[in-house]
Amino acid sequence: MPKPFILHMLTTAKNLSPFDVNMAVDAGWVSATPYINVEPSEVRGLVQDAIFSRSPKGLQNTGIFIGGRETKQAMDMLKIAKNSMVPPFEVSVFADPSGAFTTAAGMVAAVENELKTKFDTNLTGKNILALGGTGPVGQVAAVLAAQAGANVRIIGRQLEKAQRIADMCNSEFGEGKTNITAGADADKADYMANVDVIFATGAAGIELLSAELVASAPQLKVAADVNAVPPAGVAGLDAFDNGKAIAGSKSGAVGVGALAIGNVKYQVQSALLKLMITTEKPVYLHFEHAFEAARNYIQSAK
Amino acid sequence: MAKKSILHMFDPTSNNSPFDINMALDCDFDVLMPYANVKLDSMHRLTQDTIFSRGPSGVKRTGIFIGGRDMALAIDMLNVAKQSMVPPFEVSVFADPSGAFTTAAALVACVEKELKTHHNKKLSDCKALVFGGTGPVGISTGVIASLAGADTVLIDHLSADTADGIAKEYNRRFGSTLSGDSATFDEDKIALIKDADIIFCTAKAGVQILNANVLSTAQQLKVVGDVNAVPPAGIEGVQLQDSGAPLSQASSSKNTVSVGALAVGNIKYKVQHALLLSMLAGDKPVYIDFRAAYEKAKELLDI
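Those protein sequence lines, which keep their order, are chains E and D. Here the first sequence stands for residues 1 to 302, numbered as in the numbering used here. Here the second sequence stands for residues 303 to 605, numbered as in the numbering used here.
Worth flagging that the hints you see were computed from the coordinates, not collected in a lab.
Here are the simulated DSS-like pairs of lysine-lysine, each with C-alpha atoms no more than 27 Å apart in a straight line: (1) D:LYS506 <-> D:LYS429; (2) E:LYS72 <-> E:LYS14; (3) D:LYS341 <-> E:LYS14; (4) D:LYS306 <-> D:LYS384; (5) E:LYS72 <-> E:LYS274; (6) E:LYS274 <-> E:LYS79; (7) E:LYS79 <-> D:LYS506; (8) D:LYS424 <-> D:LYS572; (9) E:LYS3 <-> D:LYS572; (10) E:LYS281 <-> E:LYS57; (11) E:LYS3 <-> D:LYS306; (12) D:LYS506 <-> E:LYS82; (13) D:LYS572 <-> D:LYS384; (14) D:LYS496 <-> D:LYS418; (15) E:LYS281 <-> E:LYS3; (16) D:LYS600 <-> D:LYS506; (17) E:LYS57 <-> D:LYS572; (18) E:LYS302 <-> E:LYS274; (19) D:LYS572 <-> D:LYS600; (20) D:LYS305 <-> E:LYS3; (21) E:LYS244 <-> E:LYS118.
A quick note: this is a predicted structure, and the numbers were derived from the prediction, not measured.
Chain D with its partners taken away, still in its complex shape:
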């Protein structure tokens, strides 16, 4: 009888995300084992306990999932796990803290697709702003967009220093070219969006970040993407199902289109699903982070 598939879910916070639990079980993992409060220096031991208990055929039915809320920590944990493998005792590892990697990958790829369809542009032709840019999804969005060539700014709702510090830290780690800024009041937002081509909104759910008045001042806005599924939308006028729908609120820009949270969520879901399935599919283990998520999202969208 084939061994049951087991996903060991290591999380540095006090609990796993119910999102990831649902996803993993829906990908036919037989057994999910949550591990909370996992520290980076425990990853080596936990990984080796994972690989040495099932034999070389059993490890092919075993995976490690890394959650949490911190992109850099998740990547560090992934790297330690990878270094702890002792071939042929090795398992696939998938890092997706707070779903940030798959959400950001889907967001950037969806926006990229509309950019091509409606404006015949590439990310490398564009200036992109990430509102809510200092949270897990915002940072991941910024890093992916920047590595894809967009001139990308992470925007914090309070502190430019915070945003700038995060931008520098991630540039160092991943070779991106992010900058940071802040926007608290409408006049700050108006000043920032004037020459923006793309706006990503990854701010807190249920909070409107950009109203119609602010949007009407953008001069060359091409695509907006909003991951907030809880009304009101982060960007006024964006509907949950939008997938290239016109955004009339951006009245000074030509042909602005929007991507809504459920359109992004649909791709995010497919990306995470495909990547979870890939963990046990091949003969060789796979190590999955935001880069693999972005490639998968582009593949799914045929970009």
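Okay, chain E solo, but in the shape it has when bound:
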């Protein structure tokens, strides 16, 4: 009889996200076991306990999920987990802290799709503002877009913090190949002159871009907003929008709302959780794999 599918779910927070638990069980994992308040220094011990209690065959039905809130910490934990494997005692690991990796992947892939279908172009060379971009989703979206060739500026209320986050994204995630810059929220009107794409990834229920600013952007093409709680992060953009023209945009920009992004995010997270089950060789999944899965999903949904 095959071994039951067990997903060991590690988080640095004091509880798992029920979102991730539901997703895991719906993807086919039979048991989703929580490990809470996990310090990065504990990852090695937990991983080795997980790998040495099943045969290599049984380990194909075993996986590790890394949650938490911080992107860099989750990536560090993923690296530690990978380095703790003792082949052939090894299992797949998937990091998605606060769902940020899959959410950002869904958003950037949806934006890329709008650029292609509505404007016959791609992310290369586009000027992108990541508003409220210092959080986990903003960080990862900035990295993914920058890796695809865009000029991304992370906008925060405090310039110093935005700069620190931009530097961290370049050094930790961009492998030195990205050049993400920073800007202050107070100066965002100045950046409207040449902005092509807006990512709104701030806190729920806060308007990051007013109707005036939307109207003032002469070459804005796509705005994406992960905020599902009114008011919208971008004025005139509804949570259900999926490529609809933004009212008040003089450049004919289209919007991608939270529910459209959420749908791709859901499909991506589900696909990666299933990949962990079906793969022969263990996989170590993070935002780059999420982005690939998001692009595939959007292609296949056409």
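Mind docking chain D on chain E? Use the hints.
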């Protein structure tokens, strides 16, 4: 319809061990429920909440597993659980903190088997050293070996006082006759292993404790057992799959053989598996600690 089987997993640390989760689910428990940060004084209440919610037939489909990192605490928790039963409302309880009881039981039994096969000796004829002897697996190994009659020394990598204090504490509790010592540098290890018959290595994974140079000075070393599965081996020359393979590094001793981590792990796995299955198998509840684990390991190895 038969009730689902439930294993309540009480752990005094902040998380259960993924090892035990895998094992329990592979033993066909339908539902695993982790409880973290469980204190000794909560055990009575938790046990009674466990037994009074399913009826006398339901309790036969229910078990309690006790984890953690501390052998004495696990035994205390097991004892409180046992005392909290109200027959016929009673369930089986299995204590195995950090897998230490089953790992130690398998280690001692595997070494005992090679001792008999290759040297025709018993544990009671031998002096045994436990390197990494102050951790959960080391202490359990020491207690089991000592109770089986070996003259056993727990060795700490830094402090003889620590090792001696632990030896005394466990002697008091379990009637063993352990002593304690320390070995930090190669010259300390050389002095200790001179007249050792058996070496158990239960130190931290991925750290070499005894190199070939040190091993070559042992005069009557018969069997070594190493539970470290992460290279390098704790004892130089020991291979993961070794099960009575010659250890040429012990060049001054005759016919030294070794037992590697996967050989021990294989028996440990079978012991834990059999004991988990036994929790729901019988009509009467069972209470399982390192003693039952050692008996099961010997049975599996036909000793």
